[in-house]
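Enquirer: Sequence:
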Amino acid sequence: MRLASLVVTLFLFNSAGCGAESLFQPSVRSPHLGEIIYCLMPDRFYCGDPSNNRGGSSSTNPNVNGFDPSNQNFFHGGDLKGVTEKLDYIRDLGATAIWMSPIFRNRTVQEFGPGKPPKAGYHGYWVLDFTNVDPHFGSKADYGRLVSSAKDRGMGIIMDVVVNHTAHVIQPKNGVREYQYKFSKPYRDANGKPFDDRDYINREDFPKLDPEISFPIPPTFATEADRHIKVPDWLNDPTVYHNRGEASSSGESALYGSISGLDDLFTEQLRVVRGMTAIYANWIREFDIAGFRVDTVKHVNSEFWQSFIPSVLQVAQQCGRKDFWIIGEVYSLDPAFISEYVHRAAMPSVLDFGFQHAAVGFASGADAPGKMAEL
1 MRLASLVVTL FLFNSAGCGA ESLFQPSVRS PHLGEIIYCL MPDRFYCGDP SNNRGGSSST
61 NPNVNGFDPS NQNFFHGGDL KGVTEKLDYI RDLGATAIWM SPIFRNRTVQ EFGPGKPPKA
121 GYHGYWVLDF TNVDPHFGSK ADYGRLVSSA KDRGMGIIMD VVVNHTAHVI QPKNGVREYQ
181 YKFSKPYRDA NGKPFDDRDY INREDFPKLD PEISFPIPPT FATEADRHIK VPDWLNDPTV
241 YHNRGEASSS GESALYGSIS GLDDLFTEQL RVVRGMTAIY ANWIREFDIA GFRVDTVKHV
301 NSEFWQSFIP SVLQVAQQCG RKDFWIIGEV YSLDPAFISE YVHRAAMPSV LDFGFQHAAV
361 GFASGADAPG KMAEL
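Using the numbering used here, you'd call the opening residue of the sequence shown number 1 and step up by one each time.
One thing to keep in mind: the hints can contain errors.
[As the list claims (entries may be wrong)] Once the Cα atoms are required to be at most 30 Å apart in a straight line, the calculated BS3-like pairs of lysine-lysine come out as:
#: 1; residue 1: K151; residue 2: K119
#: 2; residue 1: K185; residue 2: K151
#: 3; residue 1: K151; residue 2: K140
#: 4; residue 1: K86; residue 2: K140
#: 5; residue 1: K140; residue 2: K182
#: 6; residue 1: K173; residue 2: K116
#: 7; residue 1: K173; residue 2: K208
#: 8; residue 1: K322; residue 2: K151
#: 9; residue 1: K119; residue 2: K173
#: 10; residue 1: K116; residue 2: K140
#: 11; residue 1: K173; residue 2: K193
#: 12; residue 1: K173; residue 2: K185
#: 13; residue 1: K371; residue 2: K140
If you are wondering where the hints come from, they were derived from the structure by calculation, not from laboratory data.
All chains should be built: construct the whole structure from the sequences, respecting the hints.
Expert: Written as C-alpha cells, this is what we have:
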C-alpha cells in the first residue's frame, strides 16, 4: 500500500490587543512552531493486520463490511498497527508529531440517495461512537500502543476532533432537505412558542424541545435500530440536532445546516457543549495524546469553542500536558477571516490556508509573487 503524507509546518497565530502606539508587534511564538507534523489517514497508510480489514463483519459484501481496495470510496485496509509498524520511517523523515484523521467508530457504509453510489467511512468523519476505535483500524489497545510507541521515539500523536456533526442517521420526516431559514421558520419550544436559540446559548434554561413541533424539518429514523445506534446515548436524542436542512459554505446555513446530510449538532445547547467536552476530556485522560486538530471550526458557533477549548486545555494540564496542542481548521483563504477564530473562538492556533494557497501558487508559477506580499 502506498504511503501518503502531508507535512503541515505553518499555523496562523494571532495576538490579541495590538496597541496603537506601534505599527509593529513582537512575533507571537509557540513551543510548537518548530515541529514537523506528518499527516496521514490510517486507512490509506499501511496495513499491519489484515484480519480487521472487514471491520469484524462476517459478510463478504463491501456494501456491508465497507472493504474494497478497488474502490476509492471504500476502506483499503490501513490500520493503527500499520502506523505503529512504520513509526521509525516517519521519525526518520524528521517528523516530530503525527496528525491522523479520526479513528472513532464510523457508520461503515452510508447511502446518499437514489442513483448515488454508497460510500464507506474510511476517512473517519462519519462518527457513530465517539468513545471507541473503528474496528477497521483496530482497538483502543492498539491506539494506546501507538501513542506510547510514538512518544518513545520523541513524537506526539494529534487526535482529529469532530464536534460539528455525527454520521447521517436522522431522516427528514416531511421529506424536506433544502435549508429552512430561521427568520421564516423559527425554532419552537415544546409548547409551540417561537424562540431564538441565540438568546439561550450555553444556558441552563435552554427551552425544552419536542421533535414533532420544535423544528422546521421534524426528525425521524429509518429503522428502530437507528434510534439507539450512537454512543454516548445522549446523541440518540433527535432534539440535540439543528434539523434545518443542507448547509452552504457561508451565512446562517454554514452554522445550522447539515454538511452532506450529516446530522448537525445543536452546539448552542449547553447539553451538547458538556457532552462533547466530556467525550474528548476522557480521551485526554485515557491516552497520552499530544493535542487536537479540530475539524470544521467555522461551522460551529464561537460560544461553543469559548467553553470547549479552555475546558479541554484544563484537563490536559491536570494530566501533566502543559503544551497540549490545539489547531483549528477554518477553511478560508482570507487571513482576516481565519484570524477571527483565534480572537473570538478561543482557538490557540488555526491552519493557515491563505498562506498555503499563496505559497503553492508562487512555487508553481501559477500566481505572481505579489500574491504572497498581499498576505
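Enquirer: Checked against the structure, which of the hints given earlier come out wrong?
Expert: Of the numbered hints given earlier, those the structure breaks are 1, 2, 5, 10 and 13, listed in rising order.
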